[in-house]
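Asker: Here the protein sequences come in this chain order: E, V, S and A.
For the first sequence, this note's numbering begins at 10 and goes up steadily by one.
For the second sequence, this note's numbering begins at 16 and goes up steadily by one.
For the third sequence, this note's numbering begins at 358 and goes up steadily by one.
For the fourth sequence, this note's numbering begins at 2 and goes up steadily by one.
Just so you know, the hints here were simulated from the structure itself, not pulled from any lab data.
Every residue, glycine too, gets a C-beta built ideally from N, C-alpha and C.
Mixed in with the good hints, there may be bad ones.
Stated by the list, open to error - Listed below are several chain S residues computed to face chain A (Cβ distance under 8 Å; list not exhaustive): (1) G377; (2) L381; (3) I382; (4) L388; (5) A389; (6) V390; (7) T392; (8) I394; (9) P395; (10) F396; (11) P400; (12) V473; (13) F477; (14) L483; (15) T547.
Unchecked claim - Computed, partial: chain E to chain S, Cβ under 8 Å: (16) A58; (17) L60; (18) G80; (19) E81; (20) Y85; (21) L92; (22) A95; (23) L96.
Said to hold, decoys possible - Pulled from the structure, derived: some chain A residues nowhere near chain S, Cβ distances all over 10 Å: (24) N9; (25) F25; (26) A27; (27) M38; (28) V42; (29) M67; (30) L87; (31) P97; (32) R127; (33) V133; (34) A143; (35) I148; (36) E149; (37) L228.
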Amino acid sequence: MRLVAENLSCERGGRRVFSDLALTLEAGRALAVTGPNGVGKSSLLRVLAGLVQPASGEVRVEDGDPELSAGEHCHYYGHLDALKPALTVLENLAFWTAFLAPGRTGAQWQPMTPIEALEALGIDHAGDLPAAYLSAGQRRRLALARLLVVARPVWLLDEPTSALDAASEARLGQLMSAHLAAGGMIVAATHQKMPLADVGTLRLEAPA
Amino acid sequence: MTDLLALGPHAGFIVACYLVTLGVIGALFAWILADGARLRARLSAMEAQGVTRRSARARKSNAGEAGS
Amino acid sequence: MSGWMGALFLRELRLSLRVGGGALIGVLFFLAVITVIPFGVGPDLNLLALIGPAVLWIGALLATLLGLDRLFQADRDDGSLDLMLMSGRPLEVLVLVKCLAHWAGTGLPLVLAAPVLSIFLNLEPLAIGAVALTLLAGTPALTLIGAIGAALTVSLRRGGLLLAVLVVPFSIPVLIFGVSASGAAVTEPTPFMTPFLLLCALTLISAVVGPVAAAMALRFSSD
Amino acid sequence: MAILDLANPTRFLALSARLLPWLFAACVVAFAAGLYMTFFVAPDDYQQGATVKIMYLHVPAAWLAMMCYSVMAVSSLGTLIWKHPLADVSAKAAAPIGAAFTLISLITGSLWGKPMWGTYWVWDARLTSVLVLFIMYLGLIALWRTIEDPIRAGKAAAVLTLVGAINLPIIKFSVDWWNTLHQPASVIRMDGPTIHPTILWPLLVMALAFTLLFFVMHLMAMRNEILRRRLRTMQLQAASARVGVATSQAAE
Chain E
10 MRLVAENLSC ERGGRRVFSD LALTLEAGRA LAVTGPNGVG KSSLLRVLAG
60 LVQPASGEVR VEDGDPELSA GEHCHYYGHL DALKPALTVL ENLAFWTAFL
110 APGRTGAQWQ PMTPIEALEA LGIDHAGDLP AAYLSAGQRR RLALARLLVV
160 ARPVWLLDEP TSALDAASEA RLGQLMSAHL AAGGMIVAAT HQKMPLADVG
210 TLRLEAPA
Chain V
16 MTDLLALGPH AGFIVACYLV TLGVIGALFA WILADGARLR ARLSAMEAQG
66 VTRRSARARK SNAGEAGS
Chain S
358 MSGWMGALFL RELRLSLRVG GGALIGVLFF LAVITVIPFG VGPDLNLLAL
408 IGPAVLWIGA LLATLLGLDR LFQADRDDGS LDLMLMSGRP LEVLVLVKCL
458 AHWAGTGLPL VLAAPVLSIF LNLEPLAIGA VALTLLAGTP ALTLIGAIGA
508 ALTVSLRRGG LLLAVLVVPF SIPVLIFGVS ASGAAVTEPT PFMTPFLLLC
558 ALTLISAVVG PVAAAMALRF SSD
Chain A
2 MAILDLANPT RFLALSARLL PWLFAACVVA FAAGLYMTFF VAPDDYQQGA
52 TVKIMYLHVP AAWLAMMCYS VMAVSSLGTL IWKHPLADVS AKAAAPIGAA
102 FTLISLITGS LWGKPMWGTY WVWDARLTSV LVLFIMYLGL IALWRTIEDP
152 IRAGKAAAVL TLVGAINLPI IKFSVDWWNT LHQPASVIRM DGPTIHPTIL
202 WPLLVMALAF TLLFFVMHLM AMRNEILRRR LRTMQLQAAS ARVGVATSQA
252 AE
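Please construct the entire structure, taking both the sequences and the accompanying hints into account.
Answerer: What follows is the structure, given as structure tokens:
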């Protein structure tokens, strides 16, 4: 399975954000997208996720699930946590578990149950508390838990390590390595170094 | 007891009024009691988990100093 | 297949009933509108009986429309809408489920409150039954049509009022048949069934047009 | 020295625990006396016959609705001006009780109206202003329910209550004026019988019984509210500290 994007260009508010960008990502590999602020890292992730129509070019997942679009193979972990403060932590996670359609139901893609996901991220003690009572770091970890409970091969992470403390960052590193080992792919827009071994980098330059 | 029966032609309305009043006040009273019981139960469950209030923890640490 | 729809329906309903949810606010608004009108029109019971159904219907229309602006905006603000667009679930069915949950939280209480409020408007039992029945058949249409406006104004900060302005023209047929059906139940010559069946037809049409148009608007709204 | 330092919630809980049984007993006695006098002592009215007995519920309930709103208004002053920590607890506890009494007053008024005017609802000046008061109560309860943080909700509700308190006389006056402006022939004054001692006494006793009932329920609701806030702070604590950490602190 491969994530392929060819001569992608994207416009936001009439401004050309990036143009004729191409990338291919093999299974089991991770890609860090770097570059100064405003160069379009987040826009690239949103284009890969299918949330934004590219001005030109196309994104496809080769030998993935033919009926699904490229976006439906991806988990999108953006700046917003998609959590409802009025619902408890478990209710939030249980909803996404039931709601999101899995990207591929291959054998090696065993998703975790909500409880396991919370334990993997160290917030299982707050399971029955309303999400409103969580700290920023805990909310980010709860958003990360969504990636574990539904099996999708491609992870699109926007600033994954932001608002995470050292322990959580280490946990994130382990989860990412496990995902890659299972044949998954990760595209992360980030400034800091990724808690991963070998990571390809794609540097976006501001258009000359 | 005969006076009780002499409620006149509109007895139904009088009884209805008293029933409504009893109903509304009864429901409110029951809700307050139930709410209190539910809160006390969740509070004791919290305490059982070891989550203590600041003042309780302060008292405990004072007791600790006083004791040692 | 029905797992995700059930999960979405329960989530929306639970959110609307919890603190900060908008479920019962619709009924309070309805009560406020119905109470205010006699102060303008005057306490003459016969006049109130005459305009009763219209007052109840317009109150229900306003209560539904003004409760709809958070239908998609709440999800957009916290990022849930992006995930819903990527969820691999048919967006039209998703919008339909959200509308049903919103109707169950806001529309249904209106239908249940209408008979109580019609006492203030001195409606006789037959008219009360007719208004309740027509509201039951008509309020889903108002929610489904309003969802189009909600989807169109999802990215606007103060979309609520604009939503009502955009959508009121589409809800006029529902209002006309709703009021004439509830009025027909009282005045003998005009039949009740014809306007009522047309009202049901309008609801079924809006059950198709609403979600499709709203889904399209949502796809364009994400930037 | 503050007359009774009720500001401290723990002391308030202890004091109210001791006071409640006595208040409850007094309330039961007052109701027993009131009901006995209503049914056995008070004569029927020459016009309305026995339906006047509804007045013994309707009028006290309306008085209580007003009294409850004034308790909330004073509590709102306590929240905004004197910064009394228990003031918003008292206001939030009183709102549902006030709404309940207003509802009783509305329903009994409407049931009283049916035999007298043949219709359940008449836009009589007093009934109308009680209806407006009912909507204000529901608005306050809704405001309490939508703002999550109790302190901010307390301040917002206090402002709304005070605005309401200022507007109540204005509403009362304008409704009376509106009523006389559209003076439909069918409405007769709601006063009913001239207050004759044998009718006045049961009314006062019933009013006392209702007032005692209000204080009993108000104290109980305030105790619940204090427990609810304690639960909330403990939940916030539970979320921030892992349970393990909390116990180790406790063990120090």
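Asker: If a hint holds in the structure, say so; if it doesn't, say that too.
Answerer: Verification of the hints:
For S:G377, the interface hint holds, the least distance from its beta-carbon to any beta-carbon of chain A being 5 Å, beneath 8 Å. The interface hint given for S:L381 holds, since its Cβ lies 7 Å from the closest Cβ of chain A, which is under the 8 Å cut-off. The criterion of a C-beta within 8 Å of any C-beta in chain A is met by S:I382, whose closest approach is roughly 6 Å, and the hint holds. Given hint, S:L388 at the interface with chain A, holds; its Cβ is 6 Å from that chain's nearest Cβ, closer than 8 Å.
Taking 8 Å as the C-beta cut-off, the interface hint given for S:A389 holds, the closest approach to chain A being about 6 Å. Using the Cβ-Cβ criterion of 8 Å, the hint placing S:V390 at the interface with chain A is not satisfied: the shortest such distance is roughly 11 Å. The restraint placing S:T392 at the interface with chain A holds, with a minimum CB-CB distance near 6 Å, inside the 8 Å limit. Interface restraint check for S:I394: the shortest CB-CB distance to chain A comes to about 11 Å, outside 8 Å, so the restraint is violated.
Interface hint at S:P395: satisfied, since its Cβ lies 6 Å from the closest Cβ of chain A, which is below the 8 Å cut-off. The interface hint given for S:F396 holds, since its Cβ lies 6 Å from the closest Cβ of chain A, which is under the 8 Å cut-off. Interface hint status for S:P400: upheld, as the beta-carbon distance to the closest one in chain A is roughly 3 Å, under 8 Å. Look at S:V473: its Cβ only gets to about 11 Å from chain A, farther than 8 Å, so that hint breaks.
With its C-beta approaching chain A no nearer than about 5 Å, S:F477 sits inside the 8 Å limit, and its interface hint holds. Nearest Cβ of chain A to the Cβ of S:L483: about 15 Å, over the 8 Å cut. The hint is violated. At about 25 Å, the closest approach between the beta carbon of S:T547 and any beta carbon in chain A exceeds 8 Å, and the interface hint on this residue is violated. Hint on E:A58 holds. Least Cβ distance to chain S is approximately 6 Å, under the 8 Å limit.
Interface hint status for E:L60: upheld, as the beta-carbon distance to the closest one in chain S is roughly 5 Å, under 8 Å. With 8 Å as the threshold, the beta carbon of E:G80 comes within range of chain S, its nearest partner Cβ sitting at about 5 Å, so the hint holds. A hinted interface residue such as E:E81 counts as satisfied when its beta carbon comes closer than 8 Å to some beta carbon of chain S; here the least separation is about 4 Å, so the hint holds. Annotation: E:Y85 was flagged as interfacial toward chain S, and the flag holds, the nearest CB pair being 6 Å apart, inside 8 Å.
Nearest Cβ of chain S to the Cβ of E:L92: about 6 Å, under the 8 Å cut. The hint holds. Here the hint on E:A95 is kept, as its CB sits about 4 Å from the closest CB of chain S, short of 8 Å. Satisfaction of the interface hint for E:L96 is found here, the shortest Cβ-Cβ separation to chain S being roughly 7 Å, below the 8 Å cut-off. Remark: the non-interface label on A:N9 is consistent with the geometry, its nearest Cβ contact in chain S lying 27 Å away (cut-off 10 Å).
Chain S leaves A:F25 outside its interface by the beta-carbon criterion, the shortest separation being 31 Å against a cut-off of 10 Å. In this structure A:A27 is separated from chain S by more than 10 Å, as the shortest Cβ-Cβ distance comes to about 35 Å. Interface exclusion of A:M38 from chain S stands, the closest Cβ pair being 32 Å apart, more than 10 Å. Under the 10 Å C-beta cut-off, the non-interface status given to A:V42 relative to chain S holds; the minimum distance is some 34 Å.
The beta carbon of A:M67 is kept farther than 10 Å from every beta carbon of chain S, the shortest such distance being approximately 19 Å. Every CB of chain S is more than 10 Å from the CB of A:L87 (nearest about 22 Å), matching its label as outside the interface. Every Cβ of chain S is farther than 10 Å from the Cβ of A:P97; the closest lies at roughly 13 Å, confirming the non-interface assignment. No Cβ of chain S approaches the Cβ of A:R127 within 10 Å, the least distance being about 13 Å, so the stated non-interface status holds.
A beta-carbon of chain S is positioned within 10 Å of the beta-carbon of A:V133; the least distance is around 7 Å. The beta carbon of A:A143 is not kept farther than 10 Å from every beta carbon of chain S, the shortest such distance being approximately 6 Å. With a minimum CB-CB distance of about 8 Å to chain S, A:I148 fails to clear the 10 Å threshold, and the non-interface call is violated. Taking the minimum C-beta to C-beta distance to chain S, about 6 Å, the non-interface status of A:E149 is violated against the 10 Å cut.
No Cβ of chain S comes within 10 Å of the Cβ of A:L228; the nearest lies about 17 Å off, and the non-interface call holds.
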